[in-house]
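Please model the entire structure based on the sequences and the hints provided.
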Amino acid sequence: MTTPALLPLSGRRIPTLSPGASSFPHHRATLRLSEKFILLLILSAFITLCFGAFFFLPDNSKHKRFDFGLEDVLIPHIESEKEARHSSRQVIHGVGGHDEHRHREEEESLRDKIRADHERALQEAKEKLRKSKEELKAEIQTEKTKVAEDLKKKDGPKPLPPVPMPKLVGVNNGDPGDPDTKEKRDKIREMMKHAWDSYRQYGWGHNELKPIAKKGHSTNIFGNSQMGATIVDALDTLYIMGLHDEFKDGQEWIEQNLDFSVNAEVSVFEVNIRFIGGLLAAYYLSGQEVFKVKAVQLAEKLLPAFNTPTGIPWAMVNLKSGVGRNWGWASAGSSILAEFGTLHMEFVHLTYLTGNPAYYQKVMHIRKLLAKMDRPNGLYPNYLNPRTGRWGQHHTSVGGLGDSFYEYLLKAWLMSDKTDSEARKTYDDAIEAIERHLIRKSNGGLTFIGEWKNGHLERKMGHLTCFAGGMFALGADGSPDDKAGHYLQLGAEIAHTCHESYDRTVLKLGPEAFKFDSGLEAVAVRQNEKYYILRPEVIETKIMVSWRLNEWLWLAIDKYCRVSGGFSGVKDVYSSNPTYDDVQQSFFLAETLKYLYLLFSSDELLPLENWVFNTEAHPLMDGWQKQEAEVMSQVSFALFQQP
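When we follow full-length UniProt numbering, the leftmost residue of the sequence shown carries the number 1, and every step to the right adds one.
Heads up, a few of these hints could be off.
As the list claims (entries may be wrong) - Straight line, CA to CA, 20 Å or less: simulated SDA-like cross-link-like pairs of lysine to any residue:
1. Lys-418 <-> Lys-483
2. Lys-193 <-> Thr-181
3. Lys-193 <-> Leu-599
4. Lys-184 <-> Arg-200
5. Lys-441 <-> Val-523
6. Lys-248 <-> Arg-200
7. Lys-508 <-> Lys-571
8. Lys-508 <-> Lys-418
Keep in mind that the hints were calculated from the coordinates and are not lab data.
Below is the structure:
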């Protein structure tokens, strides 16, 4: 038997052979369909290539090639008379000799131009090769600057609306009259000159100065950008002291170099009080429009920080991208009371100067939100989560993290010509709770302000808290229940306590924080609290409570903090041989030296009834309340109609 096939013949695709047919393969007489398709594609491609060559390639009969060494350049060619006679084609523009002659001239002219351009390019290349690397870099930078300036002119800021400038009050010589006091004031002016000249020489354009290393310095509050913080912070002090040449140098730098369109993450709080405050003060003092324009440019860069679920701004914002975030250490990503609560003064001025209600609305929204919140024991905790609108850690301080929030409540009332009753009541309620829970007397009779932490009082007072003595004195007028005398006395007691913290050190300079525990009073215990970084709060308080400064205090600054390259903080005020921290803080020029100068000047130099200092000691005018009140009342009505 034969083995059966695995598949039937019909399923094997094998042709059957007819009897007698040859067993050799059969050659096909026709092409398969796929082969026909491939041949058709090849033919189509060939036809397309010929079509393109015919219609799109240049007519070489009308061009000659000229090799100039760099590349072949095609130049239109006009046939000579001989060529024209033996050619049946016409010249493009006619047959006449006049046209031929004209086209020859055009051809020669084009050749000459190409030769000249080529020679000029070669000459420029040779000159470039002769220059040093530094010269080439300088040229490139000049070109980049020119392009940037052209773009600024093209896409520059819109002009601000004209607003009436209030009459400048004070800012005269401020001569104290007494020769001895005048001599001290001149010494403070010389200290300012030394600080500024050192910065001018060693750190110009940088944010701050390292006076020992004699080079520029910066911190993370300014991001990675060199924004000239010391220049902006010092401007009004220079103007008040009559250092007008130095003021002009600073103004020129700001006009030419201060640029906020940089990829830098900055502290909203710090650039507000130092930059916007400093620029506004310089504008009010000098009337120079550039300062107002720069302040508004920066303010626009800060507005994205308010884009949070609650409207409480982030602590930091990127000036270029507008992306904000909070400090990682701040109670689970919370915003800080002293930072988001210290915007009111500057933002109200911005709305007045620009006519843009957004600035006023932002800060009034913060106040409205805080008014609705419960406060433990009537106290404002230092941390508030901008996402949830809930308090963070229950830590209340009148020093760092909380201080200027209370200051700005009082100054909002003063700045409004004492018409912002809501700000005044909020201030009074806050101070009442502070006095009940935070203010105590030590066993030695020193009045101090402690810190409230989770229901317990920590008997420690920071140098920053020393400003509160001046705040109590400033707010005495207008306090409820005829407590003006009480708050004047309280302010004086706080000033005395802070004075003692200086007097009980070896250098007669105050520590960063001091305790009232275990028999120690107004003395720092921890090593990391024994430093002095040129802070101004004690001097600020003495201005407000009308105390004259002990001579040894400002002499101690000049003796122990002065170095050849400026002024530096010291790391241990209890050591007779201190080491330096090598930082000249910008606020030393903005606050410390300004307050010292005002202490030794007459009250007419900057009358407190006409000027309100922001928390960086930048004086802002308050003589425009009547015009401002009309704008603010309309904005406020619309804002508080919101649900």
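Against the structure, the hints come out as follows:
Note on Lys-418 and Lys-483: the hinted pairing holds, with a Cα-Cα distance of about 17 Å set against a maximum of 20 Å. At roughly 19 Å between alpha-carbon atoms, Lys-193 and Thr-181 fall within 20 Å of each other, so this suggested pair holds. Proposed proximity of Lys-193 and Leu-599 is supported: the alpha carbons are some 18 Å apart, at most 20 Å. Of the pairs offered as hints, the one joining Lys-184 and Arg-200 is violated, with about 24 Å between alpha carbons and a cut-off of 20 Å exceeded.
Pair hint Lys-441 plus Val-523 holds up; C-alpha atoms about 15 Å apart against a cutoff of 20 Å. Taking the CA atoms of Lys-248 and Arg-200, the gap is about 13 Å. The hint holds against a cut of 20 Å. For a cut-off of 20 Å, the pair hint linking Lys-508 to Lys-571 stands: about 13 Å separates their Cα positions. For the proposed pair Lys-508 and Lys-418, the alpha carbon gap of about 38 Å is over 20 Å, so the pair is violated.
Of the numbered hints stated above, those contradicted by the structure are hints 4, 8, listed in ascending order.
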